[in-house]
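Chemist: Residues per chain, in single letters:
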Amino acid sequence: MYMKTEKETEPIMAEVNGIERITGAEALLNCLVEEGVDTIFGYPGGAIMPVYDKLMDYEGRLLHILTRHEQGAAHAAQAYAMVTGKPGICFATSGPGATNLVTGIANAFLDSVPVVFITAQVVSSLIGTDAFQETDIIGVSMPVTKWNCQVKKSQDIPEAVAKAFYIAKSGRPGPVLVDITKDAQLEKLQFKYKKCDYIRSYNPHIPLHTKALESAAIMINHAERPLILAGHGILISGAENELKEFVEKTGIPVASTLLGLSGFPSNHRLFTGMLGMHGNYGPNLLTNEADLIIAVGMRFDDRVTGNLKKYATKATIIHIEIDEAEINKNVIVDVEINNDAKEALKYLTALVKPNSFEKWIREFRICDKTEYEKVIKPETKPEEGELRMGEVVSLISELTKGDAIIVTDVGQNQMYAARYYKFKHPNSFVTSGGMGTMGFGLPAGIGAKIGRPDKQVVTFVGDGGFQMTIQELGTILQYKVPVKIVVLNNNYLGMVRQWQDMFFDKNYASTELINPDFVMISKAYGIPSKKVWNREDLKSSIEEMLSSEEAYVLEVAIEKEGNVFPMVEPGASVSDIRLHY
Amino acid sequence: MKQEFTISLFTEDHIGILGQITIILTRRQINIDSFTASESAVKGVYLLTIVVKTTSEMIQKVARQMEKLIDVLKVFVHTSDQIIYQEIALFKVSTSGLMSGNIIDEIVRTYNVRILEVSPEYMVIEKTGHRSEINELLVHLEPYGLLQFAKSGRVAITKQVRELSSYLKEMDEANRFKTEPTMN
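So the sequence lines, in the order shown, correspond to chains G and P.
The numbering used here puts the first sequence at residues 19 to 599.
The numbering used here puts the second sequence at residues 2 to 185.
Source of the hints: derived by calculation from the structure; they are not laboratory data.
Every clue listed holds true.
Label-pair restraints from in silico Cβ distances: (1) 127(P) x 144(G): 39 to 47 Å; (2) 173(P) x 228(G): 18 to 26 Å; (3) 52(G) x 173(P): 22 to 30 Å; (4) 154(G) x 95(P): 39 to 47 Å; (5) 85(P) x 596(G): 51 to 59 Å; (6) 374(G) x 85(P): 56 to 64 Å; (7) 350(G) x 32(P): 21 to 29 Å; (8) 350(G) x 161(P): 23 to 31 Å; (9) 440(G) x 43(P): 51 to 59 Å.
On a predicted model such as this, the values are computed, not experimentally measured, just so you know.
The C-beta atom is built at its ideal place from N, Cα and C for all residues, glycine as well.
The whole structure should be built from the sequences, with the hints applied where relevant.
Modeler: Structure below.
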């Protein structure tokens, strides 16, 4: 914290002469330019007005996207970060502006995404007095940020921002928040910027644990039924090639977590699918048959492990993870490798023997076949009945040839998108994993498209989540963001209804939705839109959407009571995965 | 099985660090038995000593979560036999009670206490030691008219040889190595 003594913070008047002094607001924007920022998502308000006032002078260098709600700005900034690899930037004013960010901050925190949140604060003399639009956002955001700080003096802005960027990006990334008082934004300072690359109490560069890696290599060389669990850490550390080389040398099958998707090509012969509650049959079932698990850049979330007492029952576990606090948190492991995934995999690949596990892989193939017959085929190639989510995703996967960036909301639409899109390129899947934040999809789609205008960006939302942040259609209208939105409409909060169906005696309490006409709403925002009811119209409608130069909202009428399978029921073991109701 | 652990946590002078630490304990439903904070032997570095009762498995988890906090330098976890520790207690006892019992001599000799103040109404007695000794004295004084009782948190010195300053040196060296031109 930048609580220097009064004496230290007094400007040294002798140095002022002849040197240009700028306001704290300008200093903040200069810091962003120095950090290579070009896009900001945000929403103005009273306390942050000095910053917005100066923002006009940065036209051409800093693009500000005005969302329709601060939560939307937070999600858009996160998605921008996920597809570009650069930190997302998000502005909000004090009080409600700041508190509206909280869901977005927490979402980025659980999914380890670097977002630098800048909030304004009331003038420093009013802090603590319950002034108009005063919220203790430092206190409120403390449990959901990697780091936060409040700046009350303009000359402390550069150091705070530099520190914020360094912390957000390095180690296990995460959101940071810098709260700047209005008087600090207005006060002048001599601007000097130095990027931060060292904080004594924080060392994200961990030397390789070579001894542990050597033990791991011996275990890998002697394993008979090894399985790799690849998480988001693969994408964060940019270890996609290292993973591929390791996998191809060792011949070990790979399963991915939800957020790890797109870190390894879905069509690779050693890819066995997604782990977890609605993951694929093989990797879940065979987790309990593996004799060695190599978990890389993942944190054994409960949605992945199911019942911990019956998880990986026969396996020795090697855990490569940059965040030491995640090691032995949920699953007690045998070999701890507290390192960056990319460096560790590179080192490990050199130590392991070339191998192949054809017999073991055949077991996955058998599971794949069962899952295909019982679940995938009826879901993606139904010949009769109403439209299903799986066939919509599957068709979009084919028509985009796996080249699109896929963004999802939360719930059934998310699980179908994760299960049936065939990812080819790293960082092409944007979803809310840890938090499961409904309303994430639409603003995240906007952020992803702004981050990667060269890519086709398709956002899947349900009729529930769409309406949680539907106002962001206004952002699409204003900035002409050509993101494609597929509304999978079953007139239900589908995932909650599925649980009511399975675990609450079909007591559909408050899950049915009477919806507005989404096509009319989209058109009111100037966005081309269409609703599909029939299978014969589906393909041409998707093609029309994909070929549109503008944004497009395609609403698909989905069967009302479809359930996502397979499923590891809450409290069940991964090996008790169910293929049907 | 739950047991007593002493967490020695070295931190930079960052406002709010206390909140971040207590959040970690609160989320795991761990009560703080005692808590003290002071500047450490290294200038600008603060030492927090926190005593908690929990399982050895859980203490490792929370210690790692504490060490993960950006402004925390180092966290050490010790069981009571790995540290030298003391607590200090002050007792305000009615003077007439103590005089009538004629026990002042005994208390001073047996419990090794100090008398800090004497007035016609009360005496203030200071006892430094382990909690059990303090509790024993508390029981002993109670019948003589105990007016007030206050006790500090634990202060502890570790028996380990390696000191924080050597960790700090290591961190600074890692930094020098890291900032070679290869870094962006």
